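Peer 1: Each chain is listed here by its residues.
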Amino acid sequence: MDRGKRNFLKIAGLTGAGAYVGFVGAEAIGNKPGKAKKKLALVIDTRKCKGDCPDCIAACHREHNVPEEHNPNFKGPPVRSSQGIKWIWLSTFGGAFHEQVNEHTGRRKDPLVVLCNHCDNPPCTRVCPTKATWKRESDGIVTIDMHRCIGCRFCMAACPYGSRSFNFHDPRKNLKAVRPGFPTRTIGVVEKCNFCAERLGEGLLPACVEACTKKAMSFGDLKDKDSPASVALRSAYAITRKPALGTGPEVYYIL
Amino acid sequence: MLEKALTGSKGYFAWIFALLVVIGVGFGTYLYQLNEGLGITGLNRDVSWGLYIAQFTFLVGVAASAVMVVLPYYLHDYKEFGKLTLLGEFLAIPACLMCMLFIVVDMGRPDRVVYVFLHPTPNSIMFWDTVVLSGYLGLNLVIGWTTLSAESKGVAPPRWVKPLIYLSIPWAVSIHTVTAFLYQGLPGRGFWMTAIMAPRFLASAFAAGPSFLILMVLLVRRFTRFDPGDVALRKLGQIVTYAMFVSVFFFLMEVFTVFYSAIPEHKHHFWYLFVGGPWWLVGAMWLFVALAVIGLVILVNPRTRNNIPTLAVGAACVFVASWLEKGLGLVIGGFTPNPFGKYTVYTPTLPEVTIAVAIWCIGFLILTVLYKIATGVKQERAIG
Amino acid sequence: MADDKDIQKTEEEYRPTEYDYRHTEDARSDMPFIVLGVMVFVALMLGATVANRGLGKFRSKPALELPRDAKRCIRDTAFMRSNHMKLLNDWRDAVVRGEVRKEKIPRRDATGKVVKDAAGKTVYQTIERSLTKTCLRCHDNPKAFCDRCHVYAGVTRPGGSLKCFHCHIMPNPRPRAGR
Ligand code: SF4
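Residue numbers (my numbering), protein chains in the order written: chain H, 1 to 255; chain R, 1001 to 1384; chain L, 2001 to 2179.
There may be inaccurate statements among the hints.
Straight-line Cα separation of at most 25 Å, SDA-like style, residue types lysine to any residue; simulated pairs [stated by the list, open to error]:
1. 2104/L <-> 201/H
2. 2133/L <-> 180/H
3. 135/H <-> 2143/L
4. 214/H <-> 53/H
5. 1004/R <-> 1219/R
6. 10/H <-> 1132/R
7. 2143/L <-> 175/H
8. 176/H <-> 1132/R
9. 2102/L <-> 53/H
Derived DEER-like restraints, expressed as beta-carbon distance ranges [to be verified]:
10. 1031/R <-> 2084/L: 26 to 32 Å
11. 1345/R <-> 2137/L: 44 to 50 Å
12. 248/H <-> 1111/R: 30 to 36 Å
13. 1347/R <-> 223/H: 33 to 39 Å
14. 1347/R <-> 58/H: 27 to 33 Å
Because the hints were derived from the structure by calculation, they are not lab data.
Note that the structure is predicted; figures quoted are calculated from it, not measured.
In this text, a Cβ means the ideal position worked out from N, Cα and C, and glycines have one as well.
Chain H with its partners taken away, still in its complex shape (with noise of 0.2 Å):
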């Protein structure tokens, strides 16, 4: 190659990598994350929920058509219950405090709902390599963009609270009946709750907390002091998981 072909190259490359350095400063500077307006809560009281019903979880997984694990028409290999989505499901007390709970604990067999706590200072957000999910400024929920995921599973590895599902499978394959109201994921990304984004834009409750037959979930904004979730903390103890993490749950349990 000769000195002017050359030369051409390393200019252009190093403008090239000067431009994209740039870029990133950019996206870096433009993508601060601001205060969130609200301060979405979810709090579940442990007195009237039993987890003896499956009723919060039906409704969850049948309004985000969110695939059972082991449907009888599904063609390729078998699905491990381990490789499943679960957006809200039954741990127990015992599992989603393990580090508060010893063998004299009573309840620690009880079933428990968990499900992601959108928390306020998310671990799975800041890892996540493509912007693919955030915590939203206008209500605090943390959420995911299923068209950006790229489905390198760091987010799963940074959520202290194991509340991430991967699309080990096509998730269609695994559907009895599909809800047209909402999409479905793709093979090869990560998927939560949404605290019901879908629902709340149109002014309905989260599917779980309306479906809840023992009135056991209060849920709004803990910046409204009159909101379900404010009155259901001001009159009871309740508690989060893991705050020592400083993750900030927004999911509270009523003991």
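Put chains R and L with the ligand on the given structure of chain H with help from the hints.
Peer 2: Just chains R and L with the ligand now, with coordinates in the frame of chain H:
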């Protein structure tokens, strides 16, 4: 210079062909994975990273370890490494490429990989890892190729490579540091939540990489007339010894902190790896301990370290031990138990292992070709 | 050996090699590779063509199923033809990332002309930025519209379906009179 890779003995082509066969099988398996999703692997909700990311982590170390021959030669003018530096740089190239391949096969949507560059996210360590890794690959390609082509023409390398070589030294440290940051900055993962993760990574890399280089030099010496010399090999042996000592020392510090403080969140991961896990994992972890000890015993004794056949055994022990610790235990151990304190067993599946082996073969293929070219050029210079 | 070479040399004196390239040693050894390469290239190109639509069956314009009753689109046809994907991507980002679901567009009459009020001002209407709720409400059979055109244009392989519909749910096409 590429033409040097197109001529060779029957054995050379048989080796290349064998690698290509495995790569072909792996590629087919990968197409299957693309079609069915990562469900065909042993990965799951709880152990969401496995063999692939573990190989990536280990190989970043191998790539970074090129600095262990570059630094003495260029900064300390240690002449004996003159013939070795190129082999070190050329080892870094396939290592980097394998890292990238392991990331890609681990992705759920590899078709969207460009989003990492289209939507750069400086607060994500993953973004920085991509940047430093591709930068390091570029540096080594440019440095290795320029110095070699200068050599083949019998002239001194152009002056502008010198700054690049100096830059590559801290850059090598950075790639493994950033890789450690992927893990050590995550809240609620006790096994990784340790400030010496990056130093630990570097120490084990500086043990594993040079020990691999020792083995490669011995192979090169067997099959070609190119010989970097026993003095250089023995020096490498010394480097491996120190690095392995530091690596084991760091590991023991980890063990002390975890078990003396007795914090369950940190302890349980070790328990799973060394006692409670599936037999193959527990076996692998104890094999790691055994090989580390055997390797150190061989390397510490000057007589066995300076005797080339026993040095090779020691290097092999160190390399395998580091792989078991980092290429297997680190990722699996970090994810088990899960955030609910539950133990989900991760077992790599056959397709998963096939794909991983095929990527290793791609690495070996590139390494073979690069070494073929390098030794070809060097021999030519030595003769003519 | 030495004798052979000498004989060849003497032969070459009678054959001017600069014209007869086949007799230079390099070209002779490379010939099979060149032929093989050309053959692979031709096979690949032919294969792609055949796989795409079959030789000789070059179709004319695809028969697209247009909306049954709606006459107006949210943009004019020329714009949609070349920019529908950009529009969909913009909508996607506006809704998912910007949380802006609604959009004001000029109202159009049956012929596609923008409607003006008495004062000559453009009349606007509000629509929802939604593939399923807006686009697919009229284009209720994407298989016979999106897919068909994409296959024709070679964007989607025959029998394949658009990535949009891996997640977004296809509507059930409404019965149509002329089908
Ligand atoms: S619970 Fe997990 S997924 Fe949900 S916001 Fe917190 S860190 Fe993110």
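Peer 1: Evaluate each hint against the coordinates.
Peer 2: So, going through the hints one by one against the coordinates:
1. 2104/L <-> 201/H: Holds: residue 2104/L and residue 201/H sit about 18 Å apart, inside 25 Å.
2. 2133/L <-> 180/H: holds (10 Å)
3. 135/H <-> 2143/L: violated (36 Å)
4. 214/H <-> 53/H: holds (10 Å)
5. 1004/R <-> 1219/R: It holds: about 18 Å lies between the C-alpha atoms, which stays within 25 Å.
6. 10/H <-> 1132/R: Given pair residue 10/H, residue 1132/R holds - Cα atoms ~20 Å apart, limit 25 Å.
7. 2143/L <-> 175/H: With Cα atoms ~21 Å apart, residue 2143/L and residue 175/H stay inside 25 Å; holds.
8. 176/H <-> 1132/R: violated (45 Å)
9. 2102/L <-> 53/H: violated (38 Å)
10. 1031/R <-> 2084/L: 26 to 32 Å: The hint (26 to 32 Å, Cβ to Cβ) holds, given that residue 1031/R and residue 2084/L are roughly 31 Å apart.
11. 1345/R <-> 2137/L: 44 to 50 Å: About 49 Å separates the Cβ atoms of residue 1345/R and residue 2137/L, which means 44 to 50 Å holds.
12. 248/H <-> 1111/R: 30 to 36 Å: For residue 1111/R against residue 248/H, whose Cβ atoms are near 35 Å apart, the range 30 to 36 Å holds.
13. 1347/R <-> 223/H: 33 to 39 Å: Given about 47 Å between the Cβ atoms, the range is violated.
14. 1347/R <-> 58/H: 27 to 33 Å: Roughly 32 Å apart at Cβ, these two residues keep to the hinted range, so it holds.
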